[in-house]
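Fit chain B to the known structure of chain A by using the hints.
Each protein sequence line maps, in turn, to chains A and B.
With our numbering applied, the first sequence covers 3 to 117.
With our numbering applied, the second sequence covers 1424 to 1536.
Because the hints were derived from the structure by calculation, they are not lab data.
Treat the hints loosely; a few may be bogus.
[Said to hold, decoys possible] The calculated BS3-like cross-link candidates involving lysine-lysine, where the alpha carbons are at most 30 angstroms apart (straight line), are:
| # | chain 1 | residue 1 | chain 2 | residue 2 |
| --- | --- | --- | --- | --- |
| 1 | B | Lys1438 | B | Lys1501 |
| 2 | B | Lys1438 | B | Lys1467 |
| 3 | B | Lys1467 | A | Lys112 |
| 4 | B | Lys1485 | B | Lys1467 |
| 5 | B | Lys1438 | A | Lys44 |
| 6 | A | Lys112 | A | Lys44 |
| 7 | B | Lys1506 | B | Lys1467 |
| 8 | A | Lys44 | B | Lys1485 |
| 9 | A | Lys3 | A | Lys109 |
| 10 | B | Lys1506 | B | Lys1485 |
| 11 | B | Lys1494 | A | Lys44 |
| 12 | B | Lys1506 | A | Lys3 |
| 13 | B | Lys1485 | A | Lys109 |
| 14 | A | Lys3 | A | Lys70 |
| 15 | A | Lys109 | B | Lys1467 |
| 16 | A | Lys3 | B | Lys1485 |
| 17 | A | Lys109 | A | Lys70 |
| 18 | A | Lys70 | B | Lys1467 |
| 19 | B | Lys1434 | A | Lys109 |
| 20 | B | Lys1434 | B | Lys1501 |
| 21 | A | Lys109 | B | Lys1501 |
| 22 | B | Lys1501 | A | Lys44 |
| 23 | B | Lys1501 | A | Lys3 |
| 24 | B | Lys1467 | A | Lys44 |
| 25 | B | Lys1434 | A | Lys112 |
| 26 | B | Lys1438 | A | Lys109 |
| 27 | B | Lys1438 | B | Lys1485 |
| 28 | B | Lys1485 | B | Lys1501 |
| 29 | B | Lys1438 | B | Lys1506 |
| 30 | B | Lys1506 | A | Lys112 |
| 31 | B | Lys1485 | B | Lys1434 |
| 32 | B | Lys1434 | A | Lys44 |
| 33 | B | Lys1467 | B | Lys1501 |
| 34 | A | Lys112 | A | Lys70 |
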Amino acid sequence: KQEVTQIPAALSVPEGENLVLNCSFTDSAIYNLQWFRQDPGKGLTSLLLIQSSQREQTSGRLNASLDKSSGRSTLYIAASQPGDSATYLCAGPAITQGGSEKLVFGKGTKLTVNP
Amino acid sequence: EAGVAQSPRYKIIEKRQSVAFWCNPISGHATLYWYQQILGQGPKLLIQFQNNGVVDDSQLPKDRFSAERLKGVDSTLKIQPAKLEDSAVYLCASSLLGWDEQFFGPGTRLTVL
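Bound conformation, chain A alone (with noise of 0.2 angstroms):
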């Protein structure tokens, strides 16, 4: 059964600051990996999707890295902004009951840039 743990629950920051935040998973048979971005009251926003078959994602100031052996993923943010400030959500793969493919997501750490 897939379990996912992001570590920290929150973390408030200055800006400009580089910050990483972090997932774990426990079962590391996994096809893809995906991080979320929430914002109070707003649904979910997809950041990065990383496939089994990568290591990591780049998009602008993030970067997600993807190690299986370890059951572990990063994200990385470069230089914080205020508007990063939102829940960052991870989510691992698990097999459904029909066979396909579903999301398992943590708690999420909630980020908090001050200006």
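For chain B alone, coordinates are given in the frame of chain A:
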């Protein structure tokens, strides 16, 4: 490209009443998901459709929750009767194939009094 649409955005009901949520996925997406997100938690999958067939409903409380996806496009999720613990945000998502990137709608925030 239009995103995933959901309605209503907010709903307040009393316990034991019934409620229904609607979702329109991204055009052409075969897979549709309904998630429940309780405050402070990550989303939990309730049901997954592939076209109009159910792929996974192992975490759907079937005594009170039901969902359908007629014609493999729009979907509705119903709760009857609602309980206090059903207060949550209900998120709909879709993906093209079922093992690729998921796109989420804005969610429906349900409050049960």
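Hints versus structure:
{"no.": "1", "hint": "B:Lys1438 / B:Lys1501", "result": "holds, 14 angstroms"}
{"no.": "2", "hint": "B:Lys1438 / B:Lys1467", "result": "holds, 22 angstroms"}
{"no.": "3", "hint": "B:Lys1467 / A:Lys112", "result": "holds, 18 angstroms"}
{"no.": "4", "hint": "B:Lys1485 / B:Lys1467", "result": "holds, 15 angstroms"}
{"no.": "5", "hint": "B:Lys1438 / A:Lys44", "result": "holds, 25 angstroms"}
{"no.": "6", "hint": "A:Lys112 / A:Lys44", "result": "holds, 14 angstroms"}
{"no.": "7", "hint": "B:Lys1506 / B:Lys1467", "result": "holds, 17 angstroms"}
{"no.": "8", "hint": "A:Lys44 / B:Lys1485", "result": "holds, 27 angstroms"}
{"no.": "9", "hint": "A:Lys3 / A:Lys109", "result": "holds, 16 angstroms"}
{"no.": "10", "hint": "B:Lys1506 / B:Lys1485", "result": "holds, 13 angstroms"}
{"no.": "11", "hint": "B:Lys1494 / A:Lys44", "result": "holds, 28 angstroms"}
{"no.": "12", "hint": "B:Lys1506 / A:Lys3", "result": "holds, 28 angstroms"}
{"no.": "13", "hint": "B:Lys1485 / A:Lys109", "result": "holds, 25 angstroms"}
{"no.": "14", "hint": "A:Lys3 / A:Lys70", "result": "holds, 16 angstroms"}
{"no.": "15", "hint": "A:Lys109 / B:Lys1467", "result": "holds, 10 angstroms"}
{"no.": "16", "hint": "A:Lys3 / B:Lys1485", "result": "holds, 21 angstroms"}
{"no.": "17", "hint": "A:Lys109 / A:Lys70", "result": "holds, 20 angstroms"}
{"no.": "18", "hint": "A:Lys70 / B:Lys1467", "result": "holds, 23 angstroms"}
{"no.": "19", "hint": "B:Lys1434 / A:Lys109", "result": "holds, 24 angstroms"}
{"no.": "20", "hint": "B:Lys1434 / B:Lys1501", "result": "holds, 13 angstroms"}
{"no.": "21", "hint": "A:Lys109 / B:Lys1501", "result": "holds, 25 angstroms"}
{"no.": "22", "hint": "B:Lys1501 / A:Lys44", "result": "holds, 21 angstroms"}
{"no.": "23", "hint": "B:Lys1501 / A:Lys3", "result": "holds, 28 angstroms"}
{"no.": "24", "hint": "B:Lys1467 / A:Lys44", "result": "holds, 16 angstroms"}
{"no.": "25", "hint": "B:Lys1434 / A:Lys112", "result": "holds, 26 angstroms"}
{"no.": "26", "hint": "B:Lys1438 / A:Lys109", "result": "holds, 27 angstroms"}
{"no.": "27", "hint": "B:Lys1438 / B:Lys1485", "result": "holds, 17 angstroms"}
{"no.": "28", "hint": "B:Lys1485 / B:Lys1501", "result": "holds, 10 angstroms"}
{"no.": "29", "hint": "B:Lys1438 / B:Lys1506", "result": "holds, 5 angstroms"}
{"no.": "30", "hint": "B:Lys1506 / A:Lys112", "result": "holds, 28 angstroms"}
{"no.": "31", "hint": "B:Lys1485 / B:Lys1434", "result": "holds, 21 angstroms"}
{"no.": "32", "hint": "B:Lys1434 / A:Lys44", "result": "holds, 15 angstroms"}
{"no.": "33", "hint": "B:Lys1467 / B:Lys1501", "result": "holds, 16 angstroms"}
{"no.": "34", "hint": "A:Lys112 / A:Lys70", "result": "holds, 24 angstroms"}
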